[in-house]
Amino acid sequence: MANVISDETIEYVGILAKLELSGEEREQAKKDMGRMLDYIDKLNELDTTGVEPMSHVFPVNNVFREDVVENGDDRENMLKNAPEQKDGTYVVPITVE
Amino acid sequence: MDIRNLTALELGKKIKTGEIGVVEATKAALEQIQAVDETVNAFVTVDEAGALRRAEEVQKQIDEGSLTGALAGVPAAIKDNLCTKDLLTTCSSKILYNFKPTYTAEAVRNLERAGAVLLGKTNMDEFAMGSTTETSAFGVTRNPWNTAHVPGGSSGGSCAAVAANECFYALGSDTGGSIRQPSSFCGVTGIKPTYGTVSRYGLIAYGSSLDQIGPVAKDVSDCAAVLEAISSYDRKDSTSLKREDCDFTSALVDDVQGMRIGIPRDYLGEGLDEEVKAAVLAAAKALAAKGAVVEEFDLSLVEYAIPAYYVIAAAEASSNLARFDGVKYGYRTEEYEGLHNMYKKSRSEGFGEEVKRRIMLGSFVLSSGYYDAYYLKALRTKALIKQAFDEAFEKYDVILGPAAPTTAPKLGESLSDPLKMYLGDIYTISVNLAGLPGMTVPCGKDSKGLPIGLQMIGDCFQEKKMIRAGYSFECTRKYEAPELAERRGK
Amino acid sequence: MSKQYETVIGLEVHVELATKTKIFCSCSTAFGGAPNTHTCPVCTGMPGSLPVLNKQVVEYALAVGLAANCQIHQYCKFDRKNYFYPDNPQNYQISQLYLPICHDGGIEIETAEGKKTVRIHEIHMEEDAGKLIHDEWEDCSLVDYNRSGVPLIEIVSEPDMRSAEEVIAYLEKLRMMIQYLGASDCKLQEGSMRADVNLSVREVGTEAFGTRTEMKNLNSFRAITHAIEGEKNRQIDLLESGEQVVQETRRWDDTKGASYAMRSKEDAQDYRYFPDPDLTPVVISDEWIQEIRDRQPEMREEKQERYQKEYGIPAYDAGILTSAKRMADMFEETTALCKSPKKVSNWLMVETMRLLKEHGMDAEDIRFSPENLAKLIGLTEAGTINNTVAKEVFEFVFDKDIDPEQYVEEKGLKMVGDEGALRGTIEEIVAANPQSVADYKGGKQKAIGFLVGQTMKAMKGKADPGVVNKILKEILDK
Chain H
1 MANVISDETI EYVGILAKLE LSGEEREQAK KDMGRMLDYI DKLNELDTTG
51 VEPMSHVFPV NNVFREDVVE NGDDRENMLK NAPEQKDGTY VVPITVE
Chain G
1 MDIRNLTALE LGKKIKTGEI GVVEATKAAL EQIQAVDETV NAFVTVDEAG
51 ALRRAEEVQK QIDEGSLTGA LAGVPAAIKD NLCTKDLLTT CSSKILYNFK
101 PTYTAEAVRN LERAGAVLLG KTNMDEFAMG STTETSAFGV TRNPWNTAHV
151 PGGSSGGSCA AVAANECFYA LGSDTGGSIR QPSSFCGVTG IKPTYGTVSR
201 YGLIAYGSSL DQIGPVAKDV SDCAAVLEAI SSYDRKDSTS LKREDCDFTS
251 ALVDDVQGMR IGIPRDYLGE GLDEEVKAAV LAAAKALAAK GAVVEEFDLS
301 LVEYAIPAYY VIAAAEASSN LARFDGVKYG YRTEEYEGLH NMYKKSRSEG
351 FGEEVKRRIM LGSFVLSSGY YDAYYLKALR TKALIKQAFD EAFEKYDVIL
401 GPAAPTTAPK LGESLSDPLK MYLGDIYTIS VNLAGLPGMT VPCGKDSKGL
451 PIGLQMIGDC FQEKKMIRAG YSFECTRKYE APELAERRGK
Chain F
1 MSKQYETVIG LEVHVELATK TKIFCSCSTA FGGAPNTHTC PVCTGMPGSL
51 PVLNKQVVEY ALAVGLAANC QIHQYCKFDR KNYFYPDNPQ NYQISQLYLP
101 ICHDGGIEIE TAEGKKTVRI HEIHMEEDAG KLIHDEWEDC SLVDYNRSGV
151 PLIEIVSEPD MRSAEEVIAY LEKLRMMIQY LGASDCKLQE GSMRADVNLS
201 VREVGTEAFG TRTEMKNLNS FRAITHAIEG EKNRQIDLLE SGEQVVQETR
251 RWDDTKGASY AMRSKEDAQD YRYFPDPDLT PVVISDEWIQ EIRDRQPEMR
301 EEKQERYQKE YGIPAYDAGI LTSAKRMADM FEETTALCKS PKKVSNWLMV
351 ETMRLLKEHG MDAEDIRFSP ENLAKLIGLT EAGTINNTVA KEVFEFVFDK
401 DIDPEQYVEE KGLKMVGDEG ALRGTIEEIV AANPQSVADY KGGKQKAIGF
451 LVGQTMKAMK GKADPGVVNK ILKEILDK
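Chains as they are written, first to last, in UniProt numbering: chain H, 1 to 97; chain G, 1 to 490; chain F, 1 to 478.
Derived by calculation from the structure, the hints in this document are not laboratory data.
Keep in mind that a hint or two might mislead.
[To be verified] Below, simulated BS3-like cross-link-like pairs (lysine-lysine); rule was C-alpha separation at most 27 Å, straight line:
| # | chain 1 | residue 1 | chain 2 | residue 2 |
| --- | --- | --- | --- | --- |
| 1 | G | K290 | G | K277 |
| 2 | G | K345 | F | K81 |
| 3 | F | K55 | G | K236 |
So that you can see chain H by itself, here it is in the shape it has in the complex (with noise of 0.2 Å):
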């Protein structure tokens, strides 16, 4: 396999991902990302020099709103599928120490 994933390597995709993974699903991730890499690596075998990247197949451009207010307040039904909410916000763990 090409492409060796350290426990360094899982450890910082988590803290990017926001994912925690155990020991087994660790080394589960570690292997199977390396051969997923090993397999993307495949398209080196293509010359793409001096393609430009397509992000949008359509050349659609400037699709714009005009600047005029439209939506009222739905507050109540928002927070309804908040896990915590407290007068009218939704509640997370303090962000300051």
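With the hints as your guide, set chains G and F onto chain H.
Positioned in the frame of chain H, the structure of chains G and F alone reads:
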């Protein structure tokens, strides 16, 4: 007459003439769900009360003459990644186990305007990531043709529900084959339209640049009618396209005289099951017999589509799924210490294995130092793949091939080797990368009695050619339902 | 300290644009709504929601870019900046990294040291985050997404500034320019203008930059000045004691007068930018740029000149009247109504400035309408009220934007110029002050002033001084 065996358009016609009532049709579908869904598990949520209430309303509007469309009153099912106001929408994930959207997806609203009665929400691979509908947090869906087999995925619930007569048509979504592959496995018809044809507003995103919503039904006519109903320019979706040619039912013409059809040689090579190959080639012959000009050709770059797809889809998914964090909706872990621990635990417990695998991969390929080598490389590959199709469509009206290399595998066979599972998407994935329309039409069964699907691919905005070819082929055979679909209530 | 150090400063300035709606949804950007009442599925990151770009945001960004002499990326795109934080509902911010709308500009500043140009590296469009309210008692934070999705432009300068003085001059110039464009009110205290300071020090004479830090949470010019001094000294102390400056983000605590590092192992600072697939590119034609140029409003220098020429306002006064866009607007709008530019100028320069100072307010905080100031000036010109009364009435105009005509009517403040009405009072005053009368008659002309004053007092300031004088003289000279 058994209501359940009618196609959507047949039922629509009988509702219009008053031969069948909307409530009656809805009850028939609900009874079928009652009878078979314990086995099939095509639904995550069945909204019986809502459906019956809606059926009465629709009947009234039909009687008043305010609803006159071909699909008015016909009961349908919706994939569970499409938001439905006040109705549970889970993406088959624990992380959205209790999520009730405050709004309805534009495609579903279009159906409602056409008079649809929504029966409920169908099971899928979690966040549409998978090819078997086994990664759902709410149990696997079984293939109505043989319940030891998977229905395919990710729109496995929608396809199984149609095959099992639990609804008259359904909506699915297709990011890398998620409508076409399960349609193939379940012996039904499904269309993934040109990117931008159906608004993505309200579709819970997996790979935003690849996702499209499309119909699943018993035949091409139903699919064309449903696609016509859901297609619309939507100013809420910046990638939505203004199209004037969405009268897809006008293409339901049994005529392929002179139509140029190409079969990529790469689609018939190594890895393709012999029985599938034979069925696809027989279908090609049937079209040739009707006057189409069929030939094999070399479509280049086929083997690069899967790696490019997994980089792009995983990258977009890693960002799209960041919003599931236990703050605004959905699952939050019971115990945690501080913000980041809450994020990590909620997400690690809320997402299944396959979703986590793709989020990790996506985060990695976008991370500092890898963006150019992986992400930009994949976008460049995508440009080349699009170019290869452009060249092919200079020569052909429609490209034809299998939808999947095999028929439906047994439950549990695929998940042990994710990479192998990904390879199963080889014929469908490049269509999403190039934004093209694609369609699956049943074309036979293998020796195990499992359905085989024929895939037709059209050039951008050329759904009509594809529909015409599909309809013409369909006219050469009869729709076949699995035995389970005909089963009487318990 | 043996070595001589030089401070190198670059700024990242965030400006909230004055649009009516958010950048990607049609929710209101109005201040002061109850928490989460200006939100929708888009700006709270609901699953399935999609962004659609507000055209006005592009136009404001272009206007600022052109005024700051920038080049325009005529093909620009939005990228996602991925990081987890609860004020950011999607856990990515839509911003511009690869192709920001404006780049390579610069503005001229002037300090005691003279004039210089601060180069602008780029200006990009992005969305603001929500607000976190900390409840330390309950050990939780409360999230309000009303500000989530409010459009921002971020103006990134080159590291061209060398002192706090230059930084303030740059910020004041930017603020004035943007206010004149109407693109933002640029209030530091309310956060509609925010500056992050990138600072490093190096020995005088060296070319290479030192390691820089980024300072956040600076919400007044005073805080910026203090933070620059503090950070400069902190870095010099580190270097002097043989230590290294660490590249990091620091948070300024203005009450403590110190900064601290905002570091956490959960903060990888790896934002995984990629083009947002939900948004399409913005293509800006030459015609569009020209249209924006043609629509650029008159800027401060042009106004100053015009006020002198058109209205005969002295240069110094024109400078003050144009020192804030709001002041200039008040001047022009009021003048258009009452056609007395000099009087309007006088009211703004004297009474308005005095009251603003007394209340600790900025010109941007002016609440009264040009209509009411014009009416007040009209009342004095018509002789309906005298200047003393006018100043009293103005305080109410300033505070509550009252209608002066109605107020004068209701409170009975009209000047009494009717001879019949005044004669009786004056006769009483004359009778009560024989000494003053004697003084006057004895040649002390000044004594009449006392009698006028007494009359005014008796009339509660409402008498027309000219008429009072005339009647008094008639009586006394008889």
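A quick look at each hint next to the structure:
For the suggested pair K290 (chain G) and K277 (chain G), the alpha carbons sit about 20 Å apart, so the restraint of at most 27 Å is met. This hinted pair checks out: K345 (chain G) and K81 (chain F) have alpha carbons roughly 23 Å apart, not beyond 27 Å. For the hint linking K55 (chain F) to K236 (chain G), the alpha-carbon distance of about 14 Å falls within 27 Å, and the restraint holds.
The earlier numbered hints are all upheld by this structure, with none contradicted.
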